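Engineer: On the provided structure of chain A, position chain B as indicated by the hints.
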Amino acid sequence: DAKTTQPPSMDCAEGRAANLPCNHSTISGNEYVYWYRQIHSQGPQYIIHGLKNNETNEMASLIITEDRKSSTLILPHATLRDTAVYYCIVSLSGTYKYIFGTGTRLKVLA
Amino acid sequence: GAVVSQHPSRVICKSGTSVKIECRSLDFQATTMFWYRQFPKKSLMLMATSNEGSKATYEQGVEKDKFLINHASLTLSTLTVTSAHPEDSSFYICSAGQGDTEAFFGQGTRLTVV
Chain A
1 DAKTTQPPSM DCAEGRAANL PCNHSTISGN EYVYWYRQIH SQGPQYIIHG LKNNETNEMA
61 SLIITEDRKS STLILPHATL RDTAVYYCIV SLSGTYKYIF GTGTRLKVLA
Chain B
1001 GAVVSQHPSR VICKSGTSVK IECRSLDFQA TTMFWYRQFP KKSLMLMATS NEGSKATYEQ
1061 GVEKDKFLIN HASLTLSTLT VTSAHPEDSS FYICSAGQGD TEAFFGQGTR LTVV
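Just so you know, the sequences run in chain order A and B.
Okay, so the first sequence: first residue is 1 according to this note's numbering, each after it adds one.
Okay, so the second sequence: first residue is 1001 according to this note's numbering, each after it adds one.
Chain A with its partners taken away, still in its complex shape (with noise of 0.2 Å):
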């Protein structure tokens, strides 16, 4: 079973931030918070991964709490193109191993 928990939806206006949070209340020690996303009828895309420092990429913001129970990935400035199924994964460095949980389907608005 995934070890993840997210909003099955979220809307969000176009240019304003989306915060998609995720539940990780399991996450062992050494285990690696990942975040993809999927498009329709393609293969997730990564977007970001941290283990416990709050994490920043041309993408996206990565905020993970001090006990590390939860996360929020923030895109700051969403665009039509950021429509997309948003993954949460909580799984060890190197072993590329995920279990998927149901996902956040993010609708981005004009």
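No lab work stands behind these hints: they were computed from the structure.
All values reported here derive from a predicted model rather than from experimental measurement.
Treat the hints loosely; a few may be bogus.
Said to hold, decoys possible - Distance condition first, Cα-Cα at most 20 Å in a straight line; then the derived EDC-like pairs of lysine to aspartate or glutamate:
hint : chain 1 : residue 1 : chain 2 : residue 2
1    : A       : LYS97     : B       : ASP1100
2    : A       : LYS97     : B       : GLU1022
3    : A       : LYS3      : B       : GLU1059
4    : B       : LYS1041   : B       : ASP1088
5    : B       : LYS1042   : A       : ASP11
6    : B       : LYS1041   : A       : ASP82
7    : B       : LYS1042   : A       : ASP1
8    : B       : LYS1041   : A       : GLU14
9    : A       : LYS97     : B       : GLU1052
10   : B       : LYS1041   : A       : ASP1
11   : A       : LYS52     : B       : ASP1100
Structural biologist: Relative to chain A, chain B alone:
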């Protein structure tokens, strides 16, 4: 970043025939690759771990005789759906990784059995 490529991207086959899907790591070597299947509007379900030079490890409930996996080289894993039936129609996706990086996914193969 690393690239994982699948072929074909779409395939239609007749009921009772077998179909092979290839997954290649284009710029790195992968001792393990992973196969997933995905039904419409559902999440990815891990089917099996493909191990280079040894037998694949299947997840509970996945028929190993139906879904044959071969990982004969460090850059190629194949999934063969044997004696395909309409219920095997699905989106099949592979992944692989290198070092301590994240996993990279192929673009997926849509199988339709008619």
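Engineer: Each hint should be assessed against the structure and marked as holding or not.
Structural biologist: Each hint tested on the structure:
| no. | hint | verdict |
| --- | --- | --- |
| 1 | LYS97/A / ASP1100/B | holds (13 Å) |
| 2 | LYS97/A / GLU1022/B | holds (19 Å) |
| 3 | LYS3/A / GLU1059/B | holds (17 Å) |
| 4 | LYS1041/B / ASP1088/B | holds (16 Å) |
| 5 | LYS1042/B / ASP11/A | holds (19 Å) |
| 6 | LYS1041/B / ASP82/A | holds (17 Å) |
| 7 | LYS1042/B / ASP1/A | holds (15 Å) |
| 8 | LYS1041/B / GLU14/A | violated (24 Å) |
| 9 | LYS97/A / GLU1052/B | holds (15 Å) |
| 10 | LYS1041/B / ASP1/A | holds (18 Å) |
| 11 | LYS52/A / ASP1100/B | holds (16 Å) |
Of the numbered hints stated above, the single one contradicted by the structure is hint 8.
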